[in-house]
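K.L.:
The lines below spell out each chain.
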Amino acid sequence: MSTNIKKLTLGGCCVIALSLGIANAVEAGSNYGHKYGFGTPASAADISKIDIDVMPDGRGAPPGQGTYAEGKKVYAATCAACHGADMAKPVKGTGAAPLRGGRGTLTSGKPKKTVESYWPYASTLFDYTKRAMPFYEPGSMNDNDIYAVVAYILAEGGIISKDTVMNAKTLANVKMPNRNGFISDPRPDIFLYD
Amino acid sequence: MSKKTDLDGYDAKTRRMMKGMAAAENRALAARAEEECECKEGMFPSIGRRGFLAAAGAAGAAALVTRGANAAAPPGAMDYPVQKDPTSEQGRLTSADGGYGSRSQFESEVRWRFPTATKESSWTMVPLDKSQGIITPSGLHFERHHGGIPNIDPAKHTLIVHGMVNQARKYTMADLMRFPSISRQHFIECSGNGLTEWKKPYLKTVQGTHGLTSTSEWTGVPLSTILREVGVKDGAGWILAEGGDAAVMTRSVPLDKCWSDAMLAYAQNGEALRPEQGHPLRLLLPGYEGNTHIKWLRRIEVSDKPFMSREETSKYTDLLNGGKARQFSFTMEAKSVITYPSGEMKLPGAGFYELTGLAWSGRGKVRRVDISTDGGASWGLAQLQTPIQSICHTRFRFPWHWDGKPAILQSRCQDETGYTQPTIKQLVAVRGLDGHAKFGSIYHLNGIQSWGVDSDGSVKNVHKY
Numbered sequence: 001m002s003t004n005i006k007k008l009t010l011g012g013c014c015v016i017a018l019s020l021g022i023a024n025a026v027e028a029g030s031n032y033g034h035k036y037g038f039g040t041p042a043s044a045a046d047i048s049k050i051d052i053d054v055m056p057d058g059r060g061a062p063p064g065q066g067t068y069a070e071g072k073k074v075y076a077a078t079c080a081a082c083h084g085a086d087m088a089k090p091v092k093g094t095g096a097a098p099l100r101g102g103r104g105t106l107t108s109g110k111p112k113k114t115v116e117s118y119w120p121y122a123s124t125l126f127d128y129t130k131r132a133m134p135f136y137e138p139g140s141m142n143d144n145d146i147y148a149v150v151a152y153i154l155a156e157g158g159i160i161s162k163d164t165v166m167n168a169k170t171l172a173n174v175k176m177p178n179r180n181g182f183i184s185d186p187r188p189d190i191f192l193y194d
Numbered sequence: 001m002s003k004k005t006d007l008d009g010y011d012a013k014t015r016r017m018m019k020g021m022a023a024a025e026n027r028a029l030a031a032r033a034e035e036e037c038e039c040k041e042g043m044f045p046s047i048g049r050r051g052f053l054a055a056a057g058a059a060g061a062a063a064l065v066t067r068g069a070n071a072a073a074p075p076g077a078m079d080y081p082v083q084k085d086p087t088s089e090q091g092r093l094t095s096a097d098g099g100y101g102s103r104s105q106f107e108s109e110v111r112w113r114f115p116t117a118t119k120e121s122s123w124t125m126v127p128l129d130k131s132q133g134i135i136t137p138s139g140l141h142f143e144r145h146h147g148g149i150p151n152i153d154p155a156k157h158t159l160i161v162h163g164m165v166n167q168a169r170k171y172t173m174a175d176l177m178r179f180p181s182i183s184r185q186h187f188i189e190c191s192g193n194g195l196t197e198w199k200k201p202y203l204k205t206v207q208g209t210h211g212l213t214s215t216s217e218w219t220g221v222p223l224s225t226i227l228r229e230v231g232v233k234d235g236a237g238w239i240l241a242e243g244g245d246a247a248v249m250t251r252s253v254p255l256d257k258c259w260s261d262a263m264l265a266y267a268q269n270g271e272a273l274r275p276e277q278g279h280p281l282r283l284l285l286p287g288y289e290g291n292t293h294i295k296w297l298r299r300i301e302v303s304d305k306p307f308m309s310r311e312e313t314s315k316y317t318d319l320l321n322g323g324k325a326r327q328f329s330f331t332m333e334a335k336s337v338i339t340y341p342s343g344e345m346k347l348p349g350a351g352f353y354e355l356t357g358l359a360w361s362g363r364g365k366v367r368r369v370d371i372s373t374d375g376g377a378s379w380g381l382a383q384l385q386t387p388i389q390s391i392c393h394t395r396f397r398f399p400w401h402w403d404g405k406p407a408i409l410q411s412r413c414q415d416e417t418g419y420t421q422p423t424i425k426q427l428v429a430v431r432g433l434d435g436h437a438k439f440g441s442i443y444h445l446n447g448i449q450s451w452g453v454d455s456d457g458s459v460k461n462v463h464k465y
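Respectively, the protein sequence lines represent chains X and U.
1 is the number of the first residue of the first sequence in this note's numbering; add one for each residue after it.
1 is the number of the first residue of the second sequence in this note's numbering; add one for each residue after it.
One or more hints might be untrue.
[What the hints assert, rightly or not] BS3-like cross-link-like pairs, simulated, lysine-lysine; straight-line CA separation at most 30 Å:
#, chain 1, residue 1, chain 2, residue 2
1, U, K257, X, K49
2, U, K464, U, K324
3, U, K257, X, K35
4, U, K19, U, K305
5, X, K92, U, K204
6, U, K233, X, K169
7, X, K89, U, K425
8, U, K315, X, K89
9, U, K315, X, K73
10, U, K156, U, K257
11, X, K112, U, K19
12, X, K169, X, K73
13, X, K112, U, K119
14, U, K425, X, K49
15, U, K200, X, K110
16, U, K346, U, K204
17, U, K19, U, K233
18, U, K119, U, K156
19, U, K13, U, K346
20, U, K460, U, K13
21, U, K324, X, K89
22, X, K112, U, K315
23, X, K92, U, K19
24, X, K169, U, K305
25, U, K170, U, K305
26, U, K119, X, K89
27, U, K119, X, K73
28, U, K200, X, K112
29, X, K175, U, K464
30, U, K199, X, K175
31, U, K425, X, K112
32, U, K19, U, K204
33, U, K130, U, K425
34, U, K199, X, K110
35, X, K92, U, K199
36, X, K169, U, K315
37, U, K460, X, K110
38, X, K35, U, K233
39, U, K425, U, K460
No wet-lab data here; the hints were simulated from the structure.
Could you build all of it, start to finish, from the sequences and the hints given here?
P.N.:
What follows is the structure, encoded as structure tokens:
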């Protein structure tokens, strides 16, 4: 589009361009249709070093796998100090969130939001653990350990069976209890317009 | 203040947060009472030096140590000798500050921190009671960190833009600064601002009730410029913005917002971003809830779908009565608050006062602000300080002759879309209550704030519809 504007202007149609209010757009930074070209191409290696996100459909989930039994060990060594041995009662003063329990409380007077009761996607559990856990050594867990601890947390929450081996494929197939618990934002929701 | 009945209906985590915030505010207030008489500087409250120590808690001692020779000065100030008569001797030497100035040692207002379990994941509130104009001093801008404040060398920082683009590219800070830049004044408000105030008046001061909003002049590159450079592929609809902090904070943002007014900001109020605000680079999404303005920005991935990060599923979603939660509630709706007089101030007597405060809207310009001094029975038009800018704090003022009788002060703003700020009761009726006191959602409170003035001049946080 910018290229067309440039042709217009060069073609002597300045008056038309101005009257359409697009002459300013040309001056304000379209760079006459060309790119500035600053920066450098990002290599696959550049990207893979920091591209750690995992999406609900499994995109981004790395190779590897983990079992409930392995996850139990990982949890005890890496997570229990803050999230508590049973996942439902975090250790006081750590700021950790409860991971298990709370199903059926979202409509009660005291909703208890946990991975089990509230999180809509299992991918988020892998993604968040990989990027930010454990709190004082974020990014220190390997992918197999993360798959394993995800398997352990989800099985303890009664969402998957204890024999489910967690990997990129099974992660995307997990159906979280509150999967359909989210709606889009309709605001404004109060109408006091003049 | 924190009677158990006030907290019924909030979830356990919210109850803990509210108790903690009340405790922090009380510590700051207690220290203030000890330090200052009521009449100091008229009736403006402030947190004195001891107040800082109390507010900072155990960290206070460490902070003093690191300030070394200036241990006696408040944060952000240097301790200089106070002259008996500055007209009878020379003042201190030019450039004695090393070339970067500091505020007067007599000015001591500070942010106070909500006492979360960890100091890495925490937030601080702006002392709005003393605010003037619309700009928040960079050192007083509210903070919300999820993994502490990283210390990043801008010479080594890069932004990678990839995903559904024609060519993935990597930008150094020097690269980004070569692009044509823009400067805009915008507020950023945390969607948790006011989270304690849904059910009953809970915190006492405007710093506590409204201190999670700030306005700065931001300078940077329009994100649209960068999207044009990399070329966005058909079918793209969202981006993921990712920070380089210990939380590796991530939020999904609709692509349309990125093409309209999103900015990659590297400067704040005329200088590089403060570390607490994302130095060297942050995303700025005018009008969106604060959490989406990803700080320490290191990566943008273009995609067809949202990424469903923890911060947009487990957190920052609005659980409603009925058990469903609103997701991607981005826009901060029109809101206002009287900052002077406000909670815990004391008017010295009947007479003239200029009421003043701030109004803002994530949907554009503030069109008008109405003021009531009788709890909403009658309203008068406030004067708005020009220029009025879009998605920016707007200062309002209103002359008031106080007759010395009890009064309830309220402000109500309307933005250029015609949306008018509701009462808290109206919000609760739609989102939070079905007669059983259910409060799943603590975010996005933009209700009218009421300050009760007693006949003795004391000002208190009250609810009045």
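K.L.:
Run every hint past the structure and note whether it holds.
P.N.:
Do the hints match the structure? See the list:
no.	hint	result
1	K257(U) to K49(X)	holds, 27 Å
2	K464(U) to K324(U)	holds, 29 Å
3	K257(U) to K35(X)	holds, 21 Å
4	K19(U) to K305(U)	violated, 38 Å
5	K92(X) to K204(U)	holds, 27 Å
6	K233(U) to K169(X)	holds, 27 Å
7	K89(X) to K425(U)	violated, 34 Å
8	K315(U) to K89(X)	holds, 19 Å
9	K315(U) to K73(X)	holds, 28 Å
10	K156(U) to K257(U)	holds, 28 Å
11	K112(X) to K19(U)	holds, 18 Å
12	K169(X) to K73(X)	holds, 23 Å
13	K112(X) to K119(U)	holds, 24 Å
14	K425(U) to K49(X)	violated, 49 Å
15	K200(U) to K110(X)	holds, 17 Å
16	K346(U) to K204(U)	holds, 13 Å
17	K19(U) to K233(U)	violated, 49 Å
18	K119(U) to K156(U)	holds, 27 Å
19	K13(U) to K346(U)	violated, 33 Å
20	K460(U) to K13(U)	holds, 26 Å
21	K324(U) to K89(X)	holds, 24 Å
22	K112(X) to K315(U)	holds, 13 Å
23	K92(X) to K19(U)	holds, 15 Å
24	K169(X) to K305(U)	holds, 19 Å
25	K170(U) to K305(U)	holds, 23 Å
26	K119(U) to K89(X)	holds, 21 Å
27	K119(U) to K73(X)	holds, 29 Å
28	K200(U) to K112(X)	holds, 22 Å
29	K175(X) to K464(U)	violated, 45 Å
30	K199(U) to K175(X)	violated, 35 Å
31	K425(U) to K112(X)	holds, 24 Å
32	K19(U) to K204(U)	holds, 13 Å
33	K130(U) to K425(U)	holds, 28 Å
34	K199(U) to K110(X)	holds, 14 Å
35	K92(X) to K199(U)	holds, 26 Å
36	K169(X) to K315(U)	holds, 26 Å
37	K460(U) to K110(X)	holds, 29 Å
38	K35(X) to K233(U)	holds, 16 Å
39	K425(U) to K460(U)	holds, 19 Å
Of the numbered hints given earlier, the model fails hints 4, 7, 14, 17, 19, 29, 30; all others are met.
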